[in-house]
Amino acid sequence: MRDRPIIFTGLALFLVLVTFPAWHNLSAGVTTRGPNPVLPRDQKQCIEPTAFMKTSHMQLLMNWRDAVVRQNLRQFTASDGKHYNIGLTNTCLKQCHGGKADFCDRCHNYSAVSLTCWNCHVDSQKGFANQGFRSAL
Amino acid sequence: MTISRQTFLRLSGLSLAAVAFRRIARAVTGPKWGMAIDLAKCAGQDNCTQCAAACRQAHNVPQIPDSRHEIHWIWKEPFNRALPNQADEYSTISSAPVMVMCNHCEHPPCVRVCPTQATFQREDGIVAMDYHRCIGCRYCMAACPYGSRSFNWQDPRPYIASPNPDFPTRTKGVVEKCNFCSERISTGRLPACVEACPEKALTFGNLNDPNSAIRQLLGSRRHIRRKPELGTGPKVFYIV
Numbered sequence: 001m002r003d004r005p006i007i008f009t010g011l012a013l014f015l016v017l018v019t020f021p022a023w024h025n026l027s028a029g030v031t032t033r034g035p036n037p038v039l040p041r042d043q044k045q046c047i048e049p050t051a052f053m054k055t056s057h058m059q060l061l062m063n064w065r066d067a068v069v070r071q072n073l074r075q076f077t078a079s080d081g082k083h084y085n086i087g088l089t090n091t092c093l094k095q096c097h098g099g100k101a102d103f104c105d106r107c108h109n110y111s112a113v114s115l116t117c118w119n120c121h122v123d124s125q126k127g128f129a130n131q132g133f134r135s136a137l
Numbered sequence: 001m002t003i004s005r006q007t008f009l010r011l012s013g014l015s016l017a018a019v020a021f022r023r024i025a026r027a028v029t030g031p032k033w034g035m036a037i038d039l040a041k042c043a044g045q046d047n048c049t050q051c052a053a054a055c056r057q058a059h060n061v062p063q064i065p066d067s068r069h070e071i072h073w074i075w076k077e078p079f080n081r082a083l084p085n086q087a088d089e090y091s092t093i094s095s096a097p098v099m100v101m102c103n104h105c106e107h108p109p110c111v112r113v114c115p116t117q118a119t120f121q122r123e124d125g126i127v128a129m130d131y132h133r134c135i136g137c138r139y140c141m142a143a144c145p146y147g148s149r150s151f152n153w154q155d156p157r158p159y160i161a162s163p164n165p166d167f168p169t170r171t172k173g174v175v176e177k178c179n180f181c182s183e184r185i186s187t188g189r190l191p192a193c194v195e196a197c198p199e200k201a202l203t204f205g206n207l208n209d210p211n212s213a214i215r216q217l218l219g220s221r222r223h224i225r226r227k228p229e230l231g232t233g234p235k236v237f238y239i240v
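These protein sequence lines map, in sequence, to chains A and B. Quick note on this note's numbering: the first sequence kicks off at 1 and runs consecutively. Quick note on this note's numbering: the second sequence kicks off at 1 and runs consecutively.
Don't read these hints as lab results, they were simulated from the structure. All of these numbers come straight from a predicted model, not from anything done at the bench. Hints are supplied without guarantee of correctness; some may be wrong.
[As the list claims (entries may be wrong)] Which residues of chain B face chain A? A few of them, derived with a C-beta cut under 10 Å, are: (1) P115; (2) I126; (3) D130; (4) S162; (5) T169; (6) R170.
[Unchecked claim] Far from chain A by the CB rule (all over 10 Å, computed), these chain B residues: (7) A54; (8) R81; (9) T116.
Glycine included, each C-beta is placed from N, C-alpha and C at the ideal position.
Produce the entire structure from the sequences given, and follow the hints as far as they go.
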């Protein structure tokens, strides 16, 4: 029984390590309730139906990117016939979602997806100083 | 439905011909953008950099004090560096500095060397960049004979004083350059530098249209281009 302290310390360490993912998720706010993004109040539908946007928004955004940059097409006609100006900051954020923190980040943080969009595109709601710009306008 | 080999080959040939015809038709009928800079008018105001300031504001071009890291879209160069061997020592035009920018070459060497096609030539002649594709290899910088390209050695955002949220910034590790204000042209506006020039020294327009202001100017005034001997076909002209 002389080894009791070592055994119990080892057991305690083992328990902490085994349950670490659960603690980590709890501290990151990951729960069984899901990511719970804040939806725009005054808009009922996104560019395309919700089911499509949930599964394929990344393809849509990449098609938008290629349309603007490589084909100089700056208008998009959705499947319901509505026209949109192509733009991540000016259309997605300014017209509907406000900032990325309450919408994009909620799901991407939840599913541990790290994006590079915001290295260049500007989040119109977050404030310039919080995005690495020199001045806080 | 079955299709014979002969019909298949005929249809393939016709489709290819149609695609080629469409491209040629667009190249002939569409616009080809160019710019003319009147050197005498440009020298009218000493130390004027309003075009560069407007460009910086419109495109979130950072102002980095360290000259090894600085980013340029449109800037001033001494005459003999901008247009070497194009004036002798008695010439009066060589005293003032020259505004230089990407020449949007007819045969752009940067496009030829880009391994990811991040730099490409649009149908309207603008040499454009897809920053999403740029891997920062800097081949284009080595290829460009005009030094029109800058590399982001660091995050440019701390050096942008008044950000324009309507235009993205660039990120560390990509090359950038003048885009001939393609985002403004697409909405029918003139480039920011042309609009900002107090002397109206910059003329922007369609080189394919013989009645455009730029063609009228080039038709009536003597003009030179940067390093024409290289065969790159710059579309920025200097009225002398």
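Quiz item: Which of the stated hints cannot be reconciled with the structure, identified by number in ascending sequence?
Solution: 1
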